[in-house]
Amino acid sequence: MRIGVFICHCGSNIAGTVDVKKVAEEAKRFPHVVYSTDYMYTCSEPGQLEIQEAIKKEKLDGVVVASCSPRMHENTFRRTVEKAGLNRYMFEMANIREHVSWVGVDKEANTKKAIDLVRMAVAKVTLNQPLFPKSFKVNKNVLVIGGGVAGMQAALDCADGGLKVILVEKNPSIGGKMAKLDKTFPTIDCSICILGPKMVDVGQHENIKLYTYSEIEEISGYVGNYEVKIRKKATYVDWTKCTGCGLCMEKCPSKKAFDPFNEGIAPTTAINIPFPQAIPKKAKIDPNYCRQFIKGKCGVCAKICPVQAIDYEMQDEIVTEKVGAIIVATGYSLFDHTKIKEYGAGKYLDVITSIQYERLLNASGPTSGHILRPSDNKEPKTIVFVACVGSRDKSLGVPYCSNFCCMYIAKQAILTKDHIPDSQSYVFYMDIRAPGKGYEEFVRRAQEEYGVKYIRGRVSRIFKRGDKMVVRGSDTLLGTQVELEADLVVLATGAIAEEGARELAEKLRISYDPYGFYIESHPKLRPVETNTAGVFLAGACQGPKDIPASVGQGSAAASKVLSLFSKDLLESDPQIAHVNEMLCVDCKKCIQTCPYGAIEEKKTPMGKIVASVIETVCQGCGLCTATCPPGAIQLQQFTDNQLLAEVKAFFHA
Amino acid sequence: MTDREEKISELIKNELNNVDFFIAYGRGYDPIHVKPLFVYEEKDLDDLVMNIFCVHNNASYLKTVKDKKVGIVVKGCDSRAVVQLIQEGLINRDNLRIIGIPCTGVISIKKLKEKMDISRVTEAKVESDSVIIKTSDEEKRFEKDDLLADKCLWCQYPTPVIYDHLVGETIEPSRPKELEYKIVEEMEKEDLNVRFEYWNKELSRCIRCYACRNVCPMCVCQDQCVMESRNPHWISLKSNITEKVMIQLIHAIHLAGRCVSCGECERVCPMDIPIFKIKQKMNQIVEELFDYKAGIDLEATPPLYTFQVEEAKIKEREW
Amino acid sequence: MALINLTTSTDENFVNQVETLSGQKISECYQCGKCTAGCPFSFAFDYPVSQIMRLIQIGQKEIVLNSKAIWLCATCEACTTRCPCQIDVANVMDICRIIARKENKVKEKDVKLFYDIFLESVKKHGRIFEIEILMKYNLKSGKLLTDADLGPKILPKGKLNFFPVNIKGKDSVEKIFTRFVEGIKNNE
Amino acid sequence: MVMSMSWFIPENEFDIFVKNLSKKRRLFVPVKENSIVRFVEFKDGIKPYFEKQATSSAKNTIFPQTETLFRFEYKKDPKDLKKFSVEISETIEAPETVVLGTRPCDARGFLVFDKVFLNPKHPDIYYQNRREKSLFITMTCTDPEPTCFCKAVGSSPADSLGSDILITKVKDGFFVETITEKGEKLLNELNLKDGDAYSKEAEKVKDEANEKLESPFDTKGLSADILKLFNTNFWEKELAHCLSCGVCTYLCPTCYCFNITDETSDSEGERIRTWDACMFFHFTLEGSGHNPRPTKAERFRNRVGHKFSYFPDRYDGMIACCGCGRCIKSCPASVDIRKVIIDLKEAANESA
Amino acid sequence: MSKLSFAYYPGCSLESSAKEYDVSTRKVADILKVELIEIPDWSCCGASPAHTVDHLFASAVAARNLAIVEEMGRDTLVTPCPECLSAFKKAIYNMSKDDGFKKKVNSLLDKPFNLNVEAKSFLQILYEDVGKENISKKVIKPLIGVNIVPYYGCLLTRPPDVAQFDDPENPISMDTILETIGANVPYFSYKLECCGAAYGVTKRRIVTKLSGDILKTAIESGADAVAVACPLCQQNLDLRQDQINRDQGFDFHIPILYITQLMGLSFGLSASELMIDKHNVKSDHFLEKIEKGLKEKEKSEKESISSKN
Amino acid sequence: MAEEKKEAKIVGFLCNWCSYGGADTAGVSRFKQPTDLRIIRVPCSGRVDPLFVVKALESGADGVLVSGCHPRDCHYSEGNFYARRRLEVLKRFLPFMGIDPNRFEYTWVSASEGQRWQQVVTKFTEQIHNLGPAPKREEKSDR
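Protein chains in written order, with the numbering used here: chain A, 1 to 653; chain B, 1 to 319; chain C, 1 to 188; chain D, 1 to 352; chain E, 1 to 309; chain F, 1 to 143.
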């Protein structure tokens, strides 16, 4: 081979503590090195030109640049050598800045280390092979998982951009958490009034295919070519017939069914339409409460339904859709306050959660917007809000801040005063987090205009005294214990990952943090991408966030999909695993361990069964290579022989 | 022929229609050397034996006859290899007919060799707990336990864990499990440098014949093994100590969580290198870390080809 | 509270000492006040427990060791049980008492005195001798009439022993005391 | 061949004899390690073991498992890095060597080696150098084992062919006779007692030893029989239990196959020769990936064929087997080459 | 049920000021066929005073007893006293968490403690090992017609990592037992609030304040008596009830009874057998109420039988 | 002086996404480290066949370090879970063969943990210096 070596000074960044001339001189002695030089700024345009000239003049077929981290400039130099006619993978970098000059003080030792690193890079590049990406066709449908505000926004943006959208929502209606809210901060505008039209848009958009009351069963494939199995859960009502007239709800004799939309604060009927603005506005039966299912007889709804839509025999159905990209917008759940024993573990009727309170405030809620406390339906006069219930609490496994509680507490306290002018609200808080536009002003208004009393300290215990709830907390500003006798206590439960988030992540092959929130590619620069190509994130599934942020991410994810789909063909990274069929012994270990299901068995023309890499699915982690006992499957660019050559180059120096 | 041999013979006869051949045990060149017997037709059964000298693990052959329908006679320890092979999808249960032999132990020829000159054995028999060996010039009687292979002294699977036919009654394990890793524990009483030198000395005898690997029922790479393929270039063909150590480390690592403790690697070593110790250490680690023993459960996954998100016994932030 | 000059009074060694002895990371406390909220003794403390934690965080050794609070904590464990940061707060209070004892800084002399007399009794008899403890305490504290009103209530019941129970193995108990003291000396 | 002269070493002086042998030269002796016996270089403290046939043959003494043929180094022209030269340095290592304690079969094995490596047209200088400087002191095999079949291949327990010196254990000591000039020269150096008085006793011991063994098969027509069965499934069935390992070949005194590879690091390296075995898949694996002997049956066929057919056909009927029986004794699967040959002849007869 | 048998550690208080707890515990155990073998030559657990000196020292003082239990060949130490219990549990917890600590503790001891013993409260034995079914079988005089609130104190369930028993915020073991022996158990929000513990002698004002709050809440809950499981709690609430009244301006006369005494009553033992008369606050009225409740119940049962006839 | 400063031969296998990035972060932050370590970049700690560690040790390494993303943070979602098992097994196995287990460590360092990387390198290098050069196998090719 004919290898060229280029040692970069990086101004004084490298040359200050590494004798670059010596490194370049030493590199001349390495096998296959026919050209070696040093340069002030190799990454600069003239620096790159010098490499290209050397490639042509010296007929180089391999290049090593010793400079900064490959994470910085590997792509730069790959393009450089490619422009000079060399395959971009016939290039290696030795990181002598971040790993040498910047971390070592002894110039002699640094120089020695740099020489070693260059020797190792040369040894490796000797074994590099030209690699070529493959192109494949893209299916331009997009799957959006989750029909909350983030998912809806993403779906609408994609659909408006001309893409076919499959929107899957596990609840009977889209709308998500936002549909349950009364008002939104900091503008106090009616939540459903702004969301409702959007929901209608989604429901009516010709490019959006809606699957509600459905869940993702299985996902296979890769960017551009995913296949998704969707489970349509049985509703026991034929939605092609149901008109949403609501007659069944009126006549249903089972009126004590749990109402998830109202967070259990009031019951509903066994057959129900979740809420008036639901999209689609269709009825479904909850078999846990329906007499037909429990007792085997009733059938009132079937008799009453004017369009004969009731079907007690209905089964779940699996449908398959093909898409090219996936936007995950599965949202969040709320912390289960019954885990907190010192707050009564959900046993006190007058200690409720903030989302329940939201339903009490809501004009379409069970109390028609009148605040009545659950134990005796009386109007509470003293209301205590407790912040950080299931947030910032390591002992409960939720050390993080839930982001939006401070704001909704302020909103609820303001609304409380609006509803009950002679009421007094108190808020136990630890820190007020109001960094959004107009947020701080909003919280100030709660205190200044609405007289909400903020007490800085956590609540230790809530218990009953007569018909009052005693809230014992501290006022850390005073340095004392405080006690309040409240009529109603509202616990601001924090956001946790949606139930099933981890399972879905595994189906999608994306990663999640210890709490079950999905991890983005880069926390700053790639906030809506995941490390799995073609899978994007929007909204609170990535971490607690408020409505504007969720909507923003929905649009961002949609724009990522639109730009991905702007090409008809995609290129795959060729740094993937490759099977030497002669060596493969069909032991199946690679198939078993591949995190992407990218390896399958195939029969060679000789009749031998061997492993085979699905090139577009392989992500190049190399786990298979480390697993393969005969070394038959090799991750190109990181083969056993290449790594062994690096080891050898160091130890046999 | 003993009753047991008659019974096995009968079973094989009946099964021969269902398989391409049967692997049993046959007479070798003297009474204490038995050989694996490949039965293609009835007359091959004339040589059949089943006794305390049937040391071989017949499952070792399964990897080489993947596409055939095979019958096999297995002892308890051998059967674990069958289970492990099926578990890993390396052989197909449907292609197998298994005759299980409950076993109370097999003789270690090496141990016997230490106790007497075995070059002229004319007769060998077992009487209750004794083994009697006759040669042209003498007759010796041994306590059976003194001659049994080490693995038999802590055997927990005297009855095969998988079979289609069982010849004889199920035997409950009666050997002390604590002895399983005795050889390992004894080694670990020594200092690191003593161990280092011990292996240098023992492994220096290695002649790179690869018998340990070829006999290993779980070594499925065989002809493609990196110990000799030179691609990937893990080792050279030199017969120096580094490469000899490397060979054993490759074997141990490739077998981690898969080794069924049949001890064949050590039995076949022509240079009498105690390599089973190495495998047992690996088995002990795997058992400690993952509560797993290979070749017991058809549904299990070898621990190094799976994982737990939270590992109960691996400390995460030690380093 | 007087001005605290953080430049001169912050004692990092003290923070380390408390952290090492208690095995708790004090910096994990973010001052939510839940410990104070649930502490039954808050009303009697000079510094509520969350402030003690805060004072330790900023290395205010003198204030902490001279506080009443550390001596009035009864280790009821409410703070430890409820701390959202999983800090064993009661243990930290305990450690502060231990350090204060070692440095001879005892704001609540009576409490320490009572403890000492209690342990003396254990050392002497192997078990405690209640009457002796009470009498000694009254004598040494100078509060001669402590619980004098209870005497007539309890004495007639015949429950209290007038003589100590000396256990057979009291030597072995005493040896725990002596070995412990020797151990400390040897370490120094 | 010289007239044999004889000496005698009393039993209690044998240790001194061994020590003296090692003084000016490299001495190999059989040593027991664990349950096996192998030839190692003698040093103080080493106790030779002559009681039983060594587990491995003595071929490693002049045909080491690994030997460096030469070292090489690429040297660049500093003025033009594209130009380089290769410097080669020879590495023949051939010290004066004595091997004590071989059996007649071991010593005869080298005659097979000689045919190949000392071929006058192109002798192997590495082997040649060492062979010339080596000397074999063989012990009469008074105790042939049931696996022994040297008689079948034309040798016997007291065969002196291939040895330089033959030692026969007699009642009070060792009767020593020279077979070659090299042997005589050595013994003259050592100042031993005259052995004539024991020659009769020694002859008797040798005769008895020779009688102890029978020939299990006849090699007549064997070469043809092997070729006759070449394309039958005899091999596959007969060798089904073979594990295809290298025990038989590596312990064999006559197997001489080798491999040559280069080991390079940085710009220098060495060319090495290592033992190879026809039982290995890689032995005949071609660069294209094609393998003419892909199965163990074909490989074992080659082993038998080579020893009893192709080699004798090429080298004046010399059978490339010395009947030592090591391949039988140490085979993990109890493959018995005698049985293979007997069965083979039977099968050849049947197919006739 | 096979016979339960445990190593028994009464603790110093139960030898003197809290003798009635010891006596009633042994009697109840006897009836429930729980064998309590007193640990030979046990010594003081060290209690909280030892903890203020050094944790190593405190663990050693406690572990001496645990080592004896090991020597007895027993695996469980049972004590009625939560303070002692806590000392033992903490010693075990700290020693098993840190091998170095364990070694240091054992270096202070004549006989080492090898962590083969666990410590349990007698309440835990009653609740978990005996169980409410077996307790209910022995009830012959159910405590009908009285309201009893259970007061657990601090240490029986706290801190949860160490205590490993019942719920740290809302324990129900005593509630369950009280219900099992027939009493009515009203909602009581001060189940776990500290009584002031060992500061009775040194900081009386603290104790009378805290204990006063407990009594006040109990009485507001409608309690006729408070059930306790701790000698210190009992002392603070009962013996010091007059001090509380004096300091806080109350006039309470509410009996404070050990859970074992209450169980004894329901098992048919007499008040004097259970040393109920040795308490400061008289229980006469409470006992009468029970008798009355019983009679009423008998009467109503008779009526219902006769009406059926 | 040369004596004192003698470097140990230490090789590190670092996953591209976390630990290599962590080492970069340490560099960018100028966190000074001993110079003995040579880093080999691999895509994922799951790519590190335990045999690389063995090979490096047998080739004369005084110490080998493997570093990957924290478990649950793997760029390839699962690679380091496998690595964790395999490397732990190896770590426990080495001493049986007479190799000091302290010559091999595996650790998790994220791309943001520059300081942690500095600590890991410093601690490991010190550890290896304390152990001294690795014992060499006596190469008497015994022919």
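Rather than coming from a laboratory, the hints here were simulated on the basis of the structure.
A hint or two may mislead.
Said to hold, decoys possible - Stretches of chain E that chain C covers, calculated by requiring three or more beta carbons in the stretch to come under 8 Å of a beta carbon on chain C: (1) 56-67; (2) 70-82; (3) 120-132; (4) 187-200; (5) 259-271.
Glycine included, C-beta positions come from ideal geometry on N, C-alpha and C.
Now the hints, each set against the structure:
With 5 residues bearing a CB less than 8 Å from a CB of chain C, the region 56-67 of chain E meets the requirement of three and the coverage assertion stands. Taking a C-beta to C-beta cut-off of 8 Å, the region 70-82 of chain E contributes 0 residues in contact with chain C, too few for the three needed, and the coverage statement is violated. By the rule of at least three residues with a Cβ nearer than 8 Å to a Cβ of chain C, the coverage given for the region 120-132 of chain E is violated, with 0 such residues. Only when three residues or more bring their CB closer than 8 Å to a CB of chain C does the claim for the region 187-200 of chain E stand; here the count is 8, and the claim holds.
Counting residues of the region 259-271 of chain E whose CB lies closer than 8 Å to any CB of chain C gives 0, which falls below the minimum of 3, so the coverage claim is violated.
Of the numbered hints listed earlier, those contradicted by the structure are 2, 3, 5.
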